[in-house]
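Please model the entire structure based on the sequences and the hints provided.
The listed protein sequences derive, respectively, from chains P and B.
The UniProt record's numbering applies: residue 1 is where the first sequence begins, and numbers increase by one.
The UniProt record's numbering applies: residue 1 is where the second sequence begins, and numbers increase by one.
Source of the hints: derived by calculation from the structure; they are not laboratory data.
We treat Cβ as the ideally placed atom computed from N, Cα and C, and that holds for glycine.
Treat each hint with caution, since some may be false.
Sample of chain B residues at the chain P side, in silico, Cβ under 7 Å [said to hold, decoys possible]:
1) P210
2) S216
3) Q224
4) L234
5) V318
6) R330
7) V358
8) E362
9) S401
10) F414
11) L437
If you want the ones that stay clear, here's a sample from chain B, every Cβ over 12 Å from chain P, calculated [said to hold, decoys possible]:
12) E20
13) A222
14) R238
15) E282
16) H375
There are 2 protein chains.
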Amino acid sequence: MNATQIDKYFKDHRQAHLEELKSFLRIPSVSSLSEHKADMQKGAEWLIKSLTKAGLENASIDETDGHPVVYADWLHAEGKPTILVYGHYDVQPVDPLHLWETPPFDPHVRDNKLYARGASDDKGQVFMHMKAVEALLDLNGELPVNIKFILEGEEEIGSPSLPKYVEDNKDKLSADIIVISDTGMQGPGRPAVCYGLRGLAGIQIDVNGPKGDLHSGLYGGAVQNPLHAIVEILESFRDKEGVIQVEGFYDDVRPVSDEERAEFAALDFDLENEKQAIGISEDFGEKGYSFVERTWIRPTLEVNGITGGFSGEGIKTVLPAEASSKITCRLVPDQDPDDIIAKLKAHVEAHKPAGVTVDITEFDKGKPFLTPYDHPAIQAAGRSYEKVYQVPTAFTRMGGSIPIVAAFDEILGFPVVLMGFGLASENFHAPNEHFHLENFDKGLRVISDYLFEASTLGQ
Amino acid sequence: MNATQIDKYFKDHRQAHLEELKSFLRIPSVSSLSEHKADMQKGAEWLIKSLTKAGLENASIDETDGHPVVYADWLHAEGKPTILVYGHYDVQPVDPLHLWETPPFDPHVRDNKLYARGASDDKGQVFMHMKAVEALLDLNGELPVNIKFILEGEEEIGSPSLPKYVEDNKDKLSADIIVISDTGMQGPGRPAVCYGLRGLAGIQIDVNGPKGDLHSGLYGGAVQNPLHAIVEILESFRDKEGVIQVEGFYDDVRPVSDEERAEFAALDFDLENEKQAIGISEDFGEKGYSFVERTWIRPTLEVNGITGGFSGEGIKTVLPAEASSKITCRLVPDQDPDDIIAKLKAHVEAHKPAGVTVDITEFDKGKPFLTPYDHPAIQAAGRSYEKVYQVPTAFTRMGGSIPIVAAFDEILGFPVVLMGFGLASENFHAPNEHFHLENFDKGLRVISDYLFEASTLGQ
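Okay, structure coming up:
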C-alpha cells in the first residue's frame, strides 16, 4: 500500500463518506439542551455503528453522570505505539436560527463547503479519524499502530463528566500519544500543529457598600462608592502596559528558549492584517514581546465584565449599594491555577478600599498545557501535514484554553498532539457553521499518513 | 388679628381644608405619562378655581411647550415686599401599584397621616400656601405682603419649559423673595430652612476598542481591553480619600466661613445613627471635613454606573469591544457646570489610555444655589418655624440639586427661601407617599406667620 493507493481510495469513497458524515450531522446532538437528551443517545449509537463498520472493536457506550462517552479500539499492532484519539459528538446550540442559510441539521454542500452544525466542530474532524482507520483496514487488513477512540458528549458544556471517566479508566485509556482534531489551521492552505495552550483561572469580585442605593447628592463625598472601590481594585491589577502587579504572579513562568522564540518570529504572522481584522489602530501589551508571544507564552489578567449602578439612557444620580466584576487570567507553564487564585485573593485583600466589603468567588480552573515543540510526536505530525499540503507546517501555541487537554496531559501523562483542520472563518459556535471540504480531503490523507509516522516513534 | 385667631381659623376649617386637598389629590396629574395629559389640564383648572376662591387675582393658565404653568397674584400691599411662591402640581408615576396600601389617587387618612401620591410632594405643600393666603384674607381682608403664585406642571420631569417661561415673564414674576415648600424638615418636630443646594454636572464616557468582542484567550495581553481603559480613566479622577484630581476642579470653590462651619457643627447631626440607617460601618471622604460638610459644602465626583463585557451567571472569557460609565459631580458656589465639564473633558483627554477611542457625552447641568444663611429672609423664616414648633430652626444646606432653584436665583436674581414641611420617611416618589398632618397643621401657621415676618423685610 502507498500514498497513491490511499488517495485513490478516498477519491473513490468520497461521495459515500460525505453521505455518511451527513447522516451523523443530521442528529441534533446539542448537549446543553435537555430536550436533546435522546439525540445525544442517538449520536452515541450512530458512532458505535460507524466505529464498528470501520473495523474498530470493543465499541461501547459508557454511561457517565451526564451524556455518555463512546469508546472503541483496535489493538493488534503488537510492539507498536498506541494512539488515543479524542473528539466529541456533541454540538453547540443553533440560535439564532433565522440566520442560517440552510437548516443547521440539514447538511448542504455549497462551493465545496459542507454546511451544518458540527461540520467543523467536531463531528467532521472526528469522522475523518474513523475513516482513516477504515481505509487502512480495508486496504491492508491491519493498522501500523494500536488505536483507541474516546468520544465524549459534553465538550460544549465544559466536559463535566470526563475527568472522572478518564481517572476511572486510566488503564483502558493508556496510550503513547493523544491526538485531538478540534482546533484550527493557521489559515487556508497553512497547516499547523498546536503544542501549547494557556490555562485559566478566574474570579468574581463583589463589592458591597451601603445596604441600599443612595442618592449621590445626599451622600456623595461622605460614603464610599462601591464603583470607585471596584475601580481602585481593578486598576491595581495591572500597570498601564498590561504588566500584572499581583505579587508573585510571574514567579512560576517557565522561560521560553531563544530557539522557540525564533520559531515564532519566523512564522508569517501579519500584524497589520490582524489589527485590521479586529479593528484596532495600535496593539498593546508588555514591552519586549511580540503580539504572538503576548497571546501564546505570556500570562494575562483581563477584566471580562463590570457591572454596577445605572446604565440606562440618560442620567441617574445614584451611589450604588454594590458593584461586581469578573476577571480571568490566562496561565502559562508552570503557573498553577490554585496558586494564582490564592495570589489574586491576597492582592485584593491588600488593596481593599476603605468603607466596603469585598467578596471573591472562584470560577472553573484549567492548567496550562505544553508538549515540548520538538517532541517527536509533534514533529511527526508536522511531517504528515507537509507531505499533503506541500508547505511547511507551523508549530504553534494557542492563547486560549481547552481544560480537558490539560486534564488528559495531567491524568494520563503522555503527550498531546493537536492536529486541527478547521479554519477560524468557519463559524463554529455561530450560524452557518461549515467545513472546507479541501481540508476534509487533505485531512483524511494527513491522518492516514500520521498513523504510519507515529508507528516509528519510540514507545 | 393674632396667632390665636389664626389657630382657631385653621382648627375650624381643618375638615374642609382636608376635603379640598383630597379633591386635588384625586387628580392623577402624572406629568411624565402622555395618557395623563388631560389630567394635567384638570390639575391646572383645579388650581385656578382654588386660587380664585382663596382671594387671589389674575389667575391664569399659561400655556408652554409642555404642561401649563398656573399663575395668580394679590398685589394690594402697597409699599410692602412681594413674595413669589413656587410649587408644582404634577406628581411622580405610581408604579409599582400593588405596593400601595390604598390607591394612590384615592386619599386616605390613617394615623394622622394623609396617604396619596402628591400628598407631600408637592400638592400638600402648595395647598398650605394657598390656604394661608385664604385665611388671612378671610380674617383681615388684606395680606401683609404682596404675593404671586407660580405653579408648574413639569417639575417631576426636570422643568423643561420653566426657564423659558421665567425668562419671558421676568417683569410679571418680579418679587423680593421666592418661597418654595418642596423640601423636607430635619426630622419629626425639627424644622429647617435650607439656604443652599449643590449644582450638578455629569458626563458619560464611552470607550471603544476592537470592532467586536474578542476571545480573551486569543487576544488577551495583546489588545487594549476597553474595561481596563475605562478603569484607568475612572481611577484617575479621585485619590483614595475621594479628593478629586481633575486639574483646577477646586479653583472656584468659595471658602466657607468659620462661623458657618460652627453652625454646622452645632447641628444635632448623629453620625452613628446615620451610618446605621444606610448600613455602613465607616464613613469616607476628604480629611478635615465632617460628614455634613462633605455632603453640603464640598464638591464631589461620583461614578453612577459602569457597564461593559459579561455580567451574567458564571464566566465568559470575553475581551469586550466597548465599555461605558456615567459620572456626575455635585458643585458648590462658585463652580460653574460648563467650566467643570470642560475640565473633566481635558482630564479624560490627558489620561486617555493607549489603544482605544474615548467619547464624552454631556448631561443636563445645574448651577449650585446659595442664599447667604444670614440673609434676613432666611432668618425670618427661622423665626416663624420657631414660634410654631417651639424649638430652634436648623439652617441647612442640602447635598442634592434642584436645578430650577438655581435657575430662579440666576434669572430673577432675588433670594430663595426653601421652607420644607416634608419628612424623608414620607415615601415621595415611592408607593404609599404620605404627609404627616402634624406638619400640615403647623405648616399652615408657619406660612401665615412668615407673611407677617416678611412684611418687615427691607425691600
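Hints and how they fare:
The beta carbon of P210 (chain B) comes within 4 Å of a beta carbon in chain P, closer than 7 Å, and the hint placing it at the interface holds. Hint status for S216 (chain B) relative to chain P: holds, with the closest Cβ pair at about 5 Å, below 7 Å. A distance limit of 7 Å between C-beta atoms decides the matter here; for Q224 (chain B) the minimum to chain P is near 4 Å, and the interface restraint holds. Hint status for L234 (chain B) relative to chain P: holds, with the closest Cβ pair at about 5 Å, below 7 Å.
Of the supplied interface hints, the one on V318 (chain B) holds, with its beta-carbon coming within about 5 Å of a beta-carbon of chain P, less than 7 Å. Given hint, R330 (chain B) at the interface with chain P, holds; its Cβ is 6 Å from that chain's nearest Cβ, closer than 7 Å. Proximity of V358 (chain B) to chain P is violated relative to the hint, the smallest CB-CB distance being about 13 Å (cut-off 7 Å). At a threshold of 7 Å, the smallest CB-CB gap from E362 (chain B) to chain P is about 10 Å, leaving the interface hint violated.
Among the interface hints, the one on S401 (chain B) holds; its C-beta lies about 6 Å from the nearest C-beta in chain P, closer than the 7 Å criterion. This hint is violated: F414 (chain B) has a C-beta 24 Å from the nearest C-beta of chain P, more than the 7 Å allowed. With its C-beta approaching chain P no nearer than about 26 Å, L437 (chain B) sits outside the 7 Å limit, and its interface hint is violated. Residue-level check passed: E20 (chain B) sits 33 Å from the nearest beta carbon of chain P, beyond 12 Å.
At the 12 Å boundary, the C-beta of A222 (chain B) falls inside the reach of chain P, the nearest C-beta of that chain being 4 Å off. Its beta-carbon lying about 7 Å from the closest one in chain P, R238 (chain B) breaks the requirement of being farther than 12 Å from that chain. With a least beta-carbon separation of about 5 Å from chain P, E282 (chain B) fails to lie farther than 12 Å from that chain, contradicting its non-interface assignment. H375 (chain B), annotated as away from the interface, keeps every beta carbon of chain P farther than 12 Å; the closest lies near 23 Å.
Checked against the numbered hints listed earlier, the structure breaks hints 7, 8, 10, 11, 13, 14 and 15; every other hint is satisfied.
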